[in-house]
Every structure is written in structure tokens, then in C-alpha cells.
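With the sequences and hints as input, model every part of the structure.
From first to last, the protein sequence lines stand for chains W and A. Quick note on my numbering: the first sequence kicks off at 6 and runs consecutively. Quick note on my numbering: the second sequence kicks off at 2 and runs consecutively.
Source of the hints: derived by calculation from the structure; they are not laboratory data. Be aware that a few hints might be false.
In the DMTMM-like style, the derived pairs of lysine to aspartate or glutamate whose C-alpha atoms are separated by at most 20 Å in a straight line are [what the hints assert, rightly or not]:
(1) W:K272 to W:E70
(2) A:K129 to W:E70
(3) A:K129 to W:D66
(4) A:K129 to A:E53
(5) A:K102 to A:D161
(6) W:K272 to A:D216
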Amino acid sequence: MSSIKTQAAPQGAATWGASKKRRTPTGLILPAIVFLFLVTQLPFLLTIFFSLRSWNLLRPDLPQEWVGLENYKSLISDGTLLAAMRNTLVFTGAVVVLSLLLGLGLALLVNRPFPGRGIVRTLLITPMLIMPVVGALVWKNMMLHPVYGAVPWALSKFGIQEVDVLAQNPMMGVVGISVWQWTPFMMLVLLAGLSSVDETTLEAARIDGASRWHEFWYVVLPHLSSYATVAVLLGTLFLLPTFDTLYVATGGGPGFATTNLAYAVYKIAFANYDVGLSSALGLINAVFSLAVCFILIRVIGRIFARGEVLQ
Amino acid sequence: MKRLRSSVPTLLAYACALIFFFPVLLLLLTGFKTEAQAYSMPPSLLFTPTLENFARAFEQNYYLYYLSNSIIVVGVSTLLAFALSIPAAFSLAFYPTRRSKDVIFWVLSTRFMPPVGVVVPLYAIFLKISLLDTRTGLILIYTAFSIPLMVLIMRAYYLDLPREIVEAAQVDGASLWRVFFSIAVPLSGPAIASAGLLSLIFVWNEFFFALMLTDTNAPTLPLFMSQSQTSKGLFWANMSASATMAVLPVVVLGWFAQRYLTRGFTMGAVK
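Here it is as C-alpha cells:
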């Protein structure tokens, strides 16, 4: 942490200040680090501690004591844990993939000049700005309601009667609501990628006689891959702990049909004020999320490499 | 024929915009209807608008109380997060050390933590030190969740600034604090707009911590909306009016600051 210049220094910074006497302004960065430690890391360490103990806030008469892995055992034997993990993966995977594809389609549609483009873009990004609780309320009550909803009404015009998505296929319902919410985000990130495609490369491809399709496949798509990576990673990061949409739209139900890990903490542990059990589940959740993110980074890295070969 | 073919994507774009905006449009319109009109299908587009639902939302539902909580929590946590993030980002960008990369990764990793991984101990700690169901408690948490993205965006922005500006000031003998306050901070406008906008949207809409850690003393607008489901889930017009008022500030802000939104997502992240 002193005046030694290393390769960790970002580009451009390398030459600057190298020869001068340089003191690291630790005071500038320390407050943020201490604050983050106190509010996020310390509680996490306590989560580990609590998960190994028995403690029920509603039962002050029971002793608080070490129980080893008892909390984890009862979670695993319960069976809901596996269901919650599966639901988390299905939900996150489906929403990320669908909203990415839809977002790509919309980004391509909006990336050309046409009258009213600004308004179209504004309307398209709106779902992203809507409070998820409100988004879920509107979808559940006014869009998907089996009797008064707009979607069943529209479908009935095509001869499809008695659609009650949230009752018949609750997972599809909550995925649909979240895709609506997340497509604008994917679109915006991909639009940023599209608008930075190198015109001269496209020009060169055209002169070489590339078709529109080849242009897209060999020039645009490889360029977009780094933007898509960011979109997928950020999307996954924010969608894994989804809670609000499920809380409003289905309450995690029926049964455990739409209960993901985050909701399971609320449902089977927090609602009973069982500190030990909910801590254990919280920890499993954290490890699970980290594992998913790291695997994703790896897998995407590999696809990425192949994209460059294609190029 | 050719003109027809080229107008297909445009028409498709219009159709998509309409489909994606339709639920919001329905929400906006329903707030101005009577309850009877609200339930008519297909939704009536021609009706005499009434402000009754908005008036009732103000009277009965303590909307202003939730709103004031939201504004205080969003405002203070965003300011606090900036106060901690800007110096950190400045230091990481202009005074990198061999640990900088680790620090950046660590800061980011705190954002990888799912809220349920920390909420139980936070509940227990807040209970102990009387921060449960207070705005201060929420502010502390939201600040911590805003910092990583802010540091990332601000640092990326500082890395793009011409080094000569800071260098020249240093040669002139300006102190660290002078460089920071009279050069870095005044130049940070666009990055502050992007980072602030994202953090503001996140905090305004955050529901999980608000539900877990507040009750009657510090509830924010998302709680107001989730409670409206049980108390007046069947009163669509009333619910729509409250919901419209709950989402409008952030929606309008997002509409007018679109370019900062995009820049926020891609800055930092794509680097």
C-alpha cells in the first residue's frame, strides 16, 4: 500500500505519478470500506454464527445454545429447500434468457431512425422504472385477473377461454411479469452496444458483399457479446433474490410452486421468528447465489472465447 | 412495395411499445375512473375522468406519511452513499496501489450478497440497538447497497478524465484535498447523475428490507402498495390512484434522464 507501482494500476495511471513521491490517500477510501464491512460483512459473519445456534424470538423460554448443523439438517430433510433451489434457477434462468432475447429484438427495432423513435423508446423503458410491487399488483389484478383482466379478455377474442395464468401455471405467470419488467433493461444495455458498432467495419463487410444477415452474425453479434455478458450478469445478480414480485403476485404459492430461496427464508423461517433456521437458510442462499454467479462467469467466458474465434 | 417493406419494422416497433406500455396505461387511466368503470372489459377509453380516487388516497391511506418516509430515506441514503463513494472512487482512480484491484473486487462482492443473507442478523442487531422500524436503520442499509455501484461508476468516469488536469494541479502544489474538492468533485456531474439516478430508482422501489425491518414508524411507499392489496385489492380505481402517485416521481425522472440511465448501466460495467 505504499509508493510501489504495480500492474494493478489501471491504464493511463501507470505513467502518472510514478516518479513522484506518492502517498496513498487511505483516508479517502477507508470510510466506505469500514461502512460496507459493518453493514454487510459483519451481519454475514453473524449469519454463520446464528445458523449454528437455536434461537426462536417467540420462545424466550427455550435456551439459546449451540446445535451444530441441526438447523441445516432440518432444512435438508424438509424437502422444500430443493424445491426452492429449483424454482430459483428456473425463474432466474427463464427471465434472463427471455428478456435478453426480447430485449435484443427491441433494441434492433429501435436502433434505426424512424418517426416517433424517442417516444417509442420512452414507452419501452417504462416497465423498468415501475416499482416491482406495483407492477405485480397491476399484472395480477388488472391484466391477468380471470374475469376482469385484459389478457383473458384478449385471448377470449381468439377463442381461448377461461385463462387464469397465476392459478393454472403460476411459474409462467411470475416469469411473464418479470420478463416485462426486465426486458427494457436488457434492451438499453444492448442498444448501447448497437450504437457503438464500428461503422467502418460494417462498411468493409458490405463492400465485401456480406448480406444483412452475415453483417449481423459476424460483425454486430460478436461486438454485442460483451454487452450481453454485462446484461446477463447484472440481470442474474438482481433476479436471483427476487422477492417483491412473488410476494404480491402469488405469495410463493400455490403451495411452494413459486417459492424461491429468498421467499423460502421469509416463508418457513422468518415468519416463525426462528433466527437459527432462517440464518441457516440465508447462508445457503448466499453460497448458492455466489456459486451461480461464478459458474455463469465461467460459462459466459467460454462462449465469449468462441465468439472471438467466430470472428 | 419497397416502402411497405421498410415500414414493417417501424409498425412492429409501435406495436411493441404499445404492448409494453399497456399495463402502465391501464394503471394511469383506471386511477381516473369510478370503481364500476374500472371493471368494465374491454377497458373503456372514453370516460369522464374523476379525481375522487386521488382525493380519497390522500384522505384515508396516509399516503403522505409513506411518501415522506420514502423521500427522507431515498434522499439521505443517496447523499450518504455519495459522501462515502466519491472519495473512494477518486482514490481508486487517481492513486491506484497494488491492492486497488482487490479493493474494487471486495466492494463489488458486497453487492453479490443476497439481502436474505444478512437480514436476520440485521434484524437482531437493530432490535438490540433500537434501530428496528426506524428510518435511520433503512438509510444505513440502503446506503451500503448503493455504494458498490456508485464506486464503480464514479471510478470508471474518473479513469476517463484527462490525467493532465490533476497532474497540473499537483505540480502547482495543490494538496490532495484541494485536488479532490476543487477539481474532481466539480467535474463529476455526469457520473453523479448516472450513479444517483440508479441508486435512487433502486431505493425508491426496494421492498424486501422495508418489509422485514419496518412496521408502523418507517414504512415506505412499496409497503403502502403491498398493503393496499389486502385492504382494497378489489377497489381497482382506488388502488390505481395510489399506485400512480407511488410510481410517478421515479417514472418521470427516468423518462427525462434516459441517457444517464444507459450510461450508468454501461459505464463501469463494460470496462
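Here is what the structure says about each hint:
1. Taking the CA atoms of W:K272 and W:E70, the gap is near 24 Å; set against the 20 Å cutoff, the hint is violated.
2. Taking the CA atoms of A:K129 and W:E70, the gap is near 19 Å; set against the 20 Å cutoff, the hint holds.
3. Our distance criterion of 20 Å between C-alpha atoms is met by A:K129 and W:D66, whose separation comes to about 18 Å.
4. Note on A:K129 and A:E53: the hinted pairing is violated, with a Cα-Cα distance of about 44 Å set against a maximum of 20 Å.
5. For the proposed pair A:K102 and A:D161, the alpha carbon gap of about 17 Å is at most 20 Å, so the pair holds.
6. Distance hint between W:K272 and A:D216 is fulfilled; the C-alpha atoms sit about 18 Å from each other, no more than 20 Å.
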